[in-house]
Amino acid sequence: MQSKSVYKIPNGKLLKISLIYNGKDNTIDQISIMGDFFAYPEEAIEYMENELKNTFLDKNCLLEKINSVIKENNIEFIGLDVEGLTQGILMCLK
Amino acid sequence: MKEIWRLLKTEDNAGAVNMAIDKAVIVSNSNKKVPPTVRFFTWKPPTISIGYFQSLEEEIDLNNCKEFGVDYVRRITGGGAVFHEEELTYSIIIPESHPQIPKNIMESYGRICGAVIKGLKNLGIESEYKPINDIITSGKKISGNAQTRKMKTVLQHGTVLTDVDVDKMFSLLKVPNEKIKDKLIADVKERVTSIKHVLGREIPFDDVAKAMKKGFEEEFNVELMEGTLTDEEIDLAKKFEKECFSARDWNHRR
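Protein chains in written order, with the working numbering: chain A, 1 to 94; chain B, 1 to 254.
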């Protein structure tokens with residue numbers, strides 16, 4: 001299944017998610033994390049998109065996965081945060 | 001004695017060329033071949049730049065761009081879509097380890113914006129830094145800024161609006177909800193201003209550049225000496241323009 005969301009991060013920027021997911025398993029097939037936020041290093045967002053494949057579309061699973069990718073790659077978000085990114089992804093399900 | 005930095009003025013370049021020059025100077029500064037560099041530049045044709053993470057086709061009306069002769073390019077920095085027409089654009093390229101540059105990214109935005117704020121003051125405009133990446137005067141945005149750090153080097157580029165045509169801008173940018181487009185345009189007109197609007201008269205590019213040069217010199221306590229790109233930077237910029245910034249793969253990657 002395919003879905004999109006637009007979410008204004010509180011005190012941050014506009015996040016746009018484009019998601020293709022497996023509705024049966026409730027897992028991510030493909031995700032694009034877009035918007036006018038900042039992330040350092042920028043290329044890490046593509047790594048994040050790859051790492052999120054097959055992740056369960058569940059708040060705790062997403063928070064855990066995103067946090068681990070951030071820690072592993074020393075990513076710094078500005079105008080975006082882990083909760084906001086998780087929220088944006090889950091909004092695609094509504 | 002004051003530290004000497006390089007000042008470049010490169011007017012009227014295409015979007016891909018402007019972005020390629022910034023990247024070439026990052027490489028050259030990172031390899032210690034040139035001093036910290038401040039560049040003032042303009043765009044010809046007018047260009048929309050989009051942030052690294054934005055979707056080109058979601059942000060820009062490509063048909064209208066073609067009709068109005070407006071170019072587009074994806075930046076290596078994050079942030080939003082910007083219509084570059086009536087403005088001075090600056091970039092600063094400096095080692096991350098330079099004592100004048102805070103390690104903390106948000107603090108370094110504030111510091112570099114400080115140079116633009118001093119530049120505006122030299123034109124008689126009081127302004128302030130508004131995190132994350134704006135400079136405002138009387139509550140209205142007059143400058144937007146974006147930073148990246150690559151090869152242990154900081155690049156921050158940003159706009160100083162000399163004039164602004166919000167209606168034209170919105171004919172080129174897509175909005176998430178067409179139904180509220182009119183309201184959005186009215187809001188942006190309320191929230192954005194320019195040197196021309198504030199001072200009530202047009203200021204030539206060279207005068208804005210002079211004021212900004214002084215602003216950077218004051219903020220960083222350095223002397224900016226006008227120079228040119230090195231031959232190596234010119235070659236690198238041509239390579240980046242061709243292989244990256246004018247390539248479909250780069251601009252349409254999201």
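Hints were generated in silico from the structure; no laboratory data involved. Cβ coordinates follow ideal geometry from the N, Cα and C atoms, glycine included. Be a bit skeptical, because a hint or two may be false.
So these bits of chain A aren't anywhere near chain B, every CB distance computed over 10 Å [claimed, not checked]:
#1 Met1
#2 Gln2
#3 Lys13
#4 Ser18
#5 Gly35
#6 Asn50
#7 Glu72
Think about it this way: if two alpha-carbon atoms lie no more than 30 Å apart in a straight line, the pair counts; the simulated BS3-like pairs of lysine-lysine are [as the list claims (entries may be wrong)]:
#8 A/Lys94 <-> B/Lys174
#9 A/Lys4 <-> B/Lys32
#10 B/Lys150 <-> B/Lys214
#11 A/Lys8 <-> B/Lys140
#12 B/Lys152 <-> A/Lys71
#13 B/Lys9 <-> A/Lys4
#14 B/Lys214 <-> A/Lys8
#15 A/Lys4 <-> B/Lys183
#16 B/Lys66 <-> B/Lys168
#17 A/Lys8 <-> B/Lys168
#18 B/Lys130 <-> A/Lys8
#19 B/Lys179 <-> B/Lys9
Structure-based check of each hint:
1. Listed as outside the interface, A/Met1 is consistent with that label: its C-beta sits roughly 20 Å from the nearest C-beta of chain B, beyond the 10 Å cut-off.
2. Residue-level check passed: A/Gln2 sits 15 Å from the nearest beta carbon of chain B, beyond 10 Å.
3. Its beta-carbon lying about 8 Å from the closest one in chain B, A/Lys13 breaks the requirement of being farther than 10 Å from that chain.
4. In this structure A/Ser18 is not separated from chain B by more than 10 Å, as the shortest Cβ-Cβ distance comes to only about 8 Å.
5. Distance check for A/Gly35 against chain B: the nearest CB is about 6 Å away, which does not clear 10 Å, and the non-interface claim fails.
6. At roughly 14 Å from the closest C-beta of chain B, the C-beta of A/Asn50 stays outside 10 Å, upholding its exclusion from the interface.
7. Non-interface call for A/Glu72 relative to chain B: holds, since the shortest CB-CB distance, roughly 19 Å, exceeds 10 Å.
8. For the hint linking A/Lys94 to B/Lys174, the alpha-carbon distance of about 24 Å falls within 30 Å, and the restraint holds.
9. Simply put, A/Lys4 and B/Lys32 have alpha-carbon atoms about 45 Å apart, too far for the 30 Å limit, and the pair is violated.
10. Pair hint B/Lys150 plus B/Lys214 holds up; C-alpha atoms about 27 Å apart against a cutoff of 30 Å.
11. The hinted pair formed by A/Lys8 and B/Lys140 meets the criterion: a straight-line CA distance of about 20 Å does not exceed 30 Å.
12. With a C-alpha separation of about 20 Å, the suggested pair B/Lys152 and A/Lys71 falls inside the 30 Å cut-off, and the hint holds.
13. Proposed proximity of B/Lys9 and A/Lys4 is contradicted: the alpha carbons are some 42 Å apart, above 30 Å.
14. Between B/Lys214 and A/Lys8, the direct Cα distance comes to roughly 37 Å. Violation of the 30 Å bound is thereby established for this hinted pair.
15. Proximity of A/Lys4 to B/Lys183 is assessed by CA-CA distance (about 23 Å); at most 30 Å being required, the pair is judged to hold.
16. In summary, the hint linking B/Lys66 to B/Lys168 is supported, as the alpha carbons are separated by about 13 Å, within the 30 Å threshold.
17. Restraint check for A/Lys8 and B/Lys168: satisfied, since their Cα atoms lie roughly 25 Å apart, inside the 30 Å limit.
18. Our distance criterion of 30 Å between C-alpha atoms is met by B/Lys130 and A/Lys8, whose separation comes to about 18 Å.
19. Distance hint between B/Lys179 and B/Lys9 is unfulfilled; the C-alpha atoms sit about 42 Å from each other, more than 30 Å.
Checked against the numbered hints listed earlier, the structure breaks hints 3, 4, 5, 9, 13, 14, 19; every other hint is satisfied.
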